[in-house]
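Last residue of the sequence shown: 247 in the working numbering, with the numbers rising by one and none dropped.
Treat each hint with caution, since some may be false.
Stated by the list, open to error - Listed next, with one range per pair, are the computed distances between beta-carbon atoms:
(1) GLN245 / GLU187: 33 to 43 Å
(2) HIS134 / GLU213: 20 to 30 Å
(3) GLY216 / GLU164: 34 to 44 Å
(4) VAL154 / GLY184: 13 to 23 Å
(5) THR193 / LYS141: 13 to 23 Å
(6) GLN130 / SER214: 34 to 44 Å
(7) HIS134 / SER203: 21 to 31 Å
(8) ASP206 / GLY168: 19 to 29 Å
(9) LYS246 / GLY131: 34 to 44 Å
In short, the hints are calculated from the structure, not lab data.
The structure presented is a predicted model; accordingly, all values stated were derived computationally and were not measured.
In this text, a Cβ means the ideal position worked out from N, Cα and C, and glycines have one as well.
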Amino acid sequence: MIQGLHHAQITIPKGTEIEGKAFYCDVLNLEEIQKPESLQGRGGFWLKVGMQEVHVGTEEGFDRSTTKAHLAYLVSNLDVWKRTLESEGIEILSGIPIPGYDRFEFRDPFGNRVEMIQKL
């Protein structure tokens, strides 16, 4: 039996961890957590998101801007996030409406698709 979701992984280009932490930790205000010692030499970093984790790995040779794969962050104030991201120069993209939710999408600085979603 599957009990829940432990983590999801996204990737950024090798050598961009500083920029990745600046966006995910400073702009999105996600908490970095310690990777196990056995994985520390592999690049990337891990984040705590509520009760789950997002693992940010490194990967070359992949155009992140061409995929629909994404993470959706559940938020309590969509307008604050829209203003925050716009102030960072992030283009806000409208998404197809989903009953009971308000949402928007954007691409992180590495091309990963991201969604912000708020329950109405």
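Numbered hints the structure breaks, given as an ascending list: Hints 8 and 9 are the ones this structure does not satisfy, whereas the remaining hints hold.
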